[in-house]
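Trainee: Using this note's numbering, the letters of the sequence shown map in sequence onto residues 5 to 118.
In case anyone wonders, no lab produced these hints; they're calculated from the structure. Wrong hints could be hidden among the right ones.
Okay, derived cross-link-like pairs now, SDA-like style, lysine to any residue, Cα gap no bigger than 20 angstroms in a straight line [as the list claims (entries may be wrong)]: (1) 90 - 36; (2) 90 - 70; (3) 90 - 27; (4) 68 - 79; (5) 90 - 66.
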Amino acid sequence: QVQLVESGGGLVQPGGSLRLSCAASESIFSINPMAWYRQAPGKQRELVATITSGGSTNYADSVKGRFTISRDNAKNTVYLQMNSLKPEDTAVYYCFGLQARGYWGQGTQVTVSS
Numbered sequence: 005q006v007q008l009v010e011s012g013g014g015l016v017q018p019g020g021s022l023r024l025s026c027a028a029s030e031s032i033f034s035i036n037p038m039a040w041y042r043q044a045p046g047k048q049r050e051l052v053a054t055i056t057s058g059g060s061t062n063y064a065d066s067v068k069g070r071f072t073i074s075r076d077n078a079k080n081t082v083y084l085q086m087n088s089l090k091p092e093d094t095a096v097y098y099c100f101g102l103q104a105r106g107y108w109g110q111g112t113q114v115t116v117s118s
């Protein structure tokens, strides 16, 4: 059973940056793909970014050019670098990994506000 633990959320002003981390309990070579989702209050959970074991990435249109997903296989960790944050990026961000079935982290709150 894979465990995913997110960290790095917090309160940031518009235009600021945050880096989220997702630490997996086992080698992320076997978890493919990995992804970040987010859920804002009153809205459905939406896909933000994905990364495959080969390093291919995809992004939601709303975050292209501002967010970057990456992975450190040696640390079994996936990151989401978020720049130029906007109030509409406020949400709980969840890490997701697929290995036979899907696994979710517990989520980390990101609040963008002045």
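Trainee: Look at each hint and say if it fits the structure.
Mentor: How the hints compare with the structure:
The straight-line distance between the Cα atoms of residue 90 and residue 36 is roughly 29 angstroms, outside the 20 angstroms bound, and the hint therefore fails. With a C-alpha separation of about 10 angstroms, the suggested pairing of residue 90 with residue 70 holds against the 20 angstroms cut-off. Taking the CA atoms of residue 90 and residue 27, the gap is about 25 angstroms. The hint is violated against a cut of 20 angstroms. Note on residue 68 and residue 79: the hinted pairing is violated, with a Cα-Cα distance of about 26 angstroms set against a maximum of 20 angstroms.
About 10 angstroms separates the Cα atoms of residue 90 and residue 66, which keeps this hinted pair within 20 angstroms; it holds.
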